[in-house]
Each structure stands twice: as C-alpha cells, then as structure tokens.
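Engineer: Using the sequences plus the hints, can you model the full thing?
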Amino acid sequence: MVSMMIAGGLISKGQSWDSGPVRTISARSLALLLGSDPLPRPAYRGLADGIRRLVSDGRLLVGTRLPSERTLTTELGLSRTTVGAALDTLRDEGFVATRRGSGSVVRLPTGPSGLALSQAGLIPTDVPPDVIDLTYAALPAAAGVTAAYERALLELPRFLATAGYDPRGLPETRAAVAEWFEARGLATSPDQVVITSGAHGGLSAVLRAQLEVGDRVLVESPTYPNAIVGVRRSAYRAVPTQLTPTGWDVEAVEVGLRQSGARAAYLIPDHQNPTGLVMDTPTRHRLATVLARADAVPVVDETFVELGLDEDVDRPAPFASASRQAHTLGSAGKTWWGGLRVGWVRAPEGATESVIEARHSLDLGTAILEQLVVTDLLRQGEALLTDRRREARARRDALTVALRRHVPEWRFALPSGGLNLWCELPEARGDELARVAESAGVRLARGAQFGVEGGFSRWVRVPFCVAPDEADEVGRRLAEAWRLALGERPTTRDVSPLIA
Numbered sequence: 001m002v003s004m005m006i007a008g009g010l011i012s013k014g015q016s017w018d019s020g021p022v023r024t025i026s027a028r029s030l031a032l033l034l035g036s037d038p039l040p041r042p043a044y045r046g047l048a049d050g051i052r053r054l055v056s057d058g059r060l061l062v063g064t065r066l067p068s069e070r071t072l073t074t075e076l077g078l079s080r081t082t083v084g085a086a087l088d089t090l091r092d093e094g095f096v097a098t099r100r101g102s103g104s105v106v107r108l109p110t111g112p113s114g115l116a117l118s119q120a121g122l123i124p125t126d127v128p129p130d131v132i133d134l135t136y137a138a139l140p141a142a143a144g145v146t147a148a149y150e151r152a153l154l155e156l157p158r159f160l161a162t163a164g165y166d167p168r169g170l171p172e173t174r175a176a177v178a179e180w181f182e183a184r185g186l187a188t189s190p191d192q193v194v195i196t197s198g199a200h201g202g203l204s205a206v207l208r209a210q211l212e213v214g215d216r217v218l219v220e221s222p223t224y225p226n227a228i229v230g231v232r233r234s235a236y237r238a239v240p241t242q243l244t245p246t247g248w249d250v251e252a253v254e255v256g257l258r259q260s261g262a263r264a265a266y267l268i269p270d271h272q273n274p275t276g277l278v279m280d281t282p283t284r285h286r287l288a289t290v291l292a293r294a295d296a297v298p299v300v301d302e303t304f305v306e307l308g309l310d311e312d313v314d315r316p317a318p319f320a321s322a323s324r325q326a327h328t329l330g331s332a333g334k335t336w337w338g339g340l341r342v343g344w345v346r347a348p349e350g351a352t353e354s355v356i357e358a359r360h361s362l363d364l365g366t367a368i369l370e371q372l373v374v375t376d377l378l379r380q381g382e383a384l385l386t387d388r389r390r391e392a393r394a395r396r397d398a399l400t401v402a403l404r405r406h407v408p409e410w411r412f413a414l415p416s417g418g419l420n421l422w423c424e425l426p427e428a429r430g431d432e433l434a435r436v437a438e439s440a441g442v443r444l445a446r447g448a449q450f451g452v453e454g455g456f457s458r459w460v461r462v463p464f465c466v467a468p469d470e471a472d473e474v475g476r477r478l479a480e481a482w483r484l485a486l487g488e489r490p491t492t493r494d495v496s497p498l499i500a
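When we follow full-length UniProt numbering, the leftmost residue of the sequence shown carries the number 1, and every step to the right adds one.
Simulated from the structure, these hints should not be mistaken for laboratory data. Each hint should be verified, as a subset may be incorrect.
[To be verified] Quick list of simulated restraints, FRET-style, between CB atoms:
id, residue 1, residue 2, range
1, Asp310, Thr289, 22 to 30 Å
2, Pro245, Ala31, 16 to 24 Å
3, Leu154, Asp363, 24 to 32 Å
4, Glu470, Glu382, 27 to 35 Å
5, Arg390, Gly247, 21 to 29 Å
Where is the CB? At the ideal position from N, CA and C, for every residue including glycine.
Structural biologist: See below:
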C-alpha cells in the first residue's frame, strides 16, 4: 500500500540534472516506507541502511530527489547531525548524489566500467555443461514442432521461385494470426497483422513507427530486461511505473504519463514477466482510458498469453479489446519454441503501413519456412496448447516443491501462468547470489536487470523451465548458492547474462 501511495500522487514533478523528469518524495512518504520501528544503533547507520534497502528493493526509484535534511530531521525526529551523517554514508557508497542547490538524488553504485550496475548491457556467454542455466524463460520445443517442420518443408518449394522477401509476412500466416485473435473475441483482419522476427522485432518496429528520437516510453518496473534495452538502444527514454504486489496502479500510471509526457507505454498484462501477474478486465479498461487521454500508444506484449496454466482462472479479453490504439505483440517462441524466431504485430486499422515502413531499417522479412511452421501450429489450435500447458504446469509444480524444500525462506506467489517464479529474498543479496551462483552449478540473472532503473536486489527470477525430475537438483543448487551469497561481502562486480 505504501508503494502505491508513493508511486501515485505523493510524487511531485521536477527537473533532473539531465533535463529529464525527476520524482520528489516527501519526508512523510519516506518515513512511511522506512517504517515505525526504532532505528538500529548507531542511528545514522540505521537510517542509511533503511534507505539503501528501499533502493535495493525497488521501492525507492533511482532518480528520486530526497527530502531536505531539515524536513527529514523534523519528520523522523532525528538530529540534523544524524540525518547528515546518513546521507554522507549513502554518498560515499554511491547510492546518493548531491549538487549544491539541487538536493540529493537517489543513484546506484557504478561498476568498474563506470556504468550503473543496472544499466550494464546483456552479455551472451557460453554455459558450461555442468551448469543449469536459469537466465532464460523458455521451454524446449513443444510436441508437434517436428511434424510441423516436416509439413512445412513440403510447402516450401512453391516459394523458391520468388525473391523470398515480404516485410508484411506470408498471407496464410497473417490469416492464421488473425483467426487466432478472432477466436479470442477480438475482430482482426489479416491486413492488421505484420509478421516479424520475434516479438522483439515487433517492439522495435512499433516504437520506430510511433515515436521520435528522444521520446519517452512508460515501462513497467520490474519488466522484461530486453525490452528495457530495446527501448534505450532505439534512442528512446524508458520511464518506470512501479508494479505493486497485486498488479498495476492506474493512478500511478496516470501521474507518470502526466509528468513524463511519455508517448507510448510498454505493458505485459498477461502473466507479466517476471512477476506472473495478470491484469484484470476492469484495470484494462481503466488503463486504456488513461492512455487514450494522455495520447500514449499502448504497446502490449502477449508473448505469455497462451501459457495460462490454471484451468479455473478466468482469461481476460485481449487488452486491444479495450483500446483501439493498442499495438499488440505476439510470438511463437514462449508457446512452441524459441528457435522459430517468429512474432507478429496486430496494429490498429490503417496503422500497419507505418509499422512495415519502420521495419525496413531492421530487416526485410521473416524466414518463410518458419512462417509456414507457425501457420501449421496456429491452425492446430487447442490440441497442441493443452499438452503444452500440462507440461509447463508440471514443471511449475515440481520447482515450487523444490524451492519450498530447499530455500523455504524465499517467498513467492504461485503464478497462474507464464514461466517464472519471482522470488523475494530475505536479504538484499540478489547481486551476490547471481555472482556466486555458478560456483554452485546454476546461472541466474540479477533482479536489478528487471528494473528500469535498477533496484530489486531483494528479488530473483527463477524460470520453471527445467524438467520435473531436475527440479530438486535445481533447488539444492540454489540453496548452496544462497549460502555462498550470505557468506560473501558485497561486491560491485557486474553479472549481466543474456536473458530471454
């Protein structure tokens, strides 16, 4: 509840040192976040530890201007000397930067390269054969993919006399995607569909079609790390809107849009990555109204939408049912196999040409063979999906049992779908955990990589993509990694693996 208040109307508008919007938190709001328990002694160290913990948890966002020493002294009932010493400690550690006349602003420590640890690039590296890689949320190929390839190969010769380029996508693939939307209750013409090289290619094309260089994009925090990188590398600015433990704070989104002037919003309303949250129908309609009023384009990522694992959970209508402006991204990767590299954009009527034009600077089309495979898979419908969901459910349930056995102190909500467990650690040791994990035979992504502006050092994403008979071993290795992390001194060494 506190984080919702902070993310909502209690943050006021200002200007940062780089001319971007800055959040300003009131002394009262900061006191609420710190809690009412007496500070550990010495008090300056207890206050510094408390603020550092809020930054690490993602509850106090990077770029937030802190209250003045005078107002903090009054609100917290501490001496000016104590408050000043706490801020000095945070400055020395790199968690606060101060300029005369501008106040103190939350920052993150930098690594050896000078990059903030949350902003370092994603580095693909080979995984040793004895290490279990948990940096990606993707399953092995679904049953039926091999047969779909065999049928697609029989269809391929009729395309070999063509140049092979089609930035729109094959007519039959676009028709199959349109039929898939229709089956979900969303009227869609094949002319509204563009087949892309994965959902990531679709995201880049939509942003280029809708935005100018330097425009701001509102992005959930936490969210999919490669989306954050994609926004920034396309020369746009990612503006975070904080998710709450129960979902989306529409008032906070409205404030964020008003303060930042964001022209688009990247959303994952279905089995959100990494939290697994699902946006309910009333929230979809309220959020669509807020975005329309702000003239901000919803860019909706549905890559996990078909992986609803609990049969007794209602499936909301697509976000685009509530928003005529929504551009919807989809992908075959999470559902059937990442190696397909086929995605799609469902654009509003009349908007596909701008997406196709923007795509020309990225690629010239999607592989024909894989489009034929995806067409085959889409038209098989629920028969394949039922088996796929059963497989993912078994993996989720097995890993849940393993984590509760081996690391019972980690807390997580069981998601109704997707492929991820978003685990809260007892201590803000996520960076250390990721750094030492490989020594225990497992590779992890840092929680900070899922934050638009870092933080989330108290969190770790654990995809449930290992086979059920491997889950207990994963739990054992994670427990060993956690023991190593607790014995480690804090480090500034960066660990930024490729994440999917």
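Engineer: Has the hinted range 24 to 32 Å been met by the Cβ atoms of leucine 154 and aspartate 363?
Structural biologist: Roughly 26 Å apart at Cβ, these two residues keep to the hinted range, so it holds.
Engineer: Per the hint of 27 to 35 Å, is the separation of the Cβ atoms of glutamate 470 and glutamate 382 within bounds?
Structural biologist: holds (28 Å)
Engineer: I want to verify a distance hint. Is the separation of the beta carbons of proline 245 and alanine 31 within 16 to 24 Å?
Structural biologist: Holds - the Cβ-Cβ distance for proline 245 and alanine 31, about 21 Å, lies within 16 to 24 Å.
Engineer: Using the Cβ atoms, figure out if aspartate 310 sits within 22 to 30 Å of threonine 289.
Structural biologist: Roughly 29 Å apart at Cβ, these two residues keep to the hinted range, so it holds.
Engineer: Measuring from beta carbon to beta carbon, are arginine 390 and glycine 247 in 21 to 29 Å?
Structural biologist: Taking Cβ atoms as reference, arginine 390 and glycine 247 lie about 27 Å apart, which means the hint holds.
Violated hints: none; the structure is consistent with every hint.
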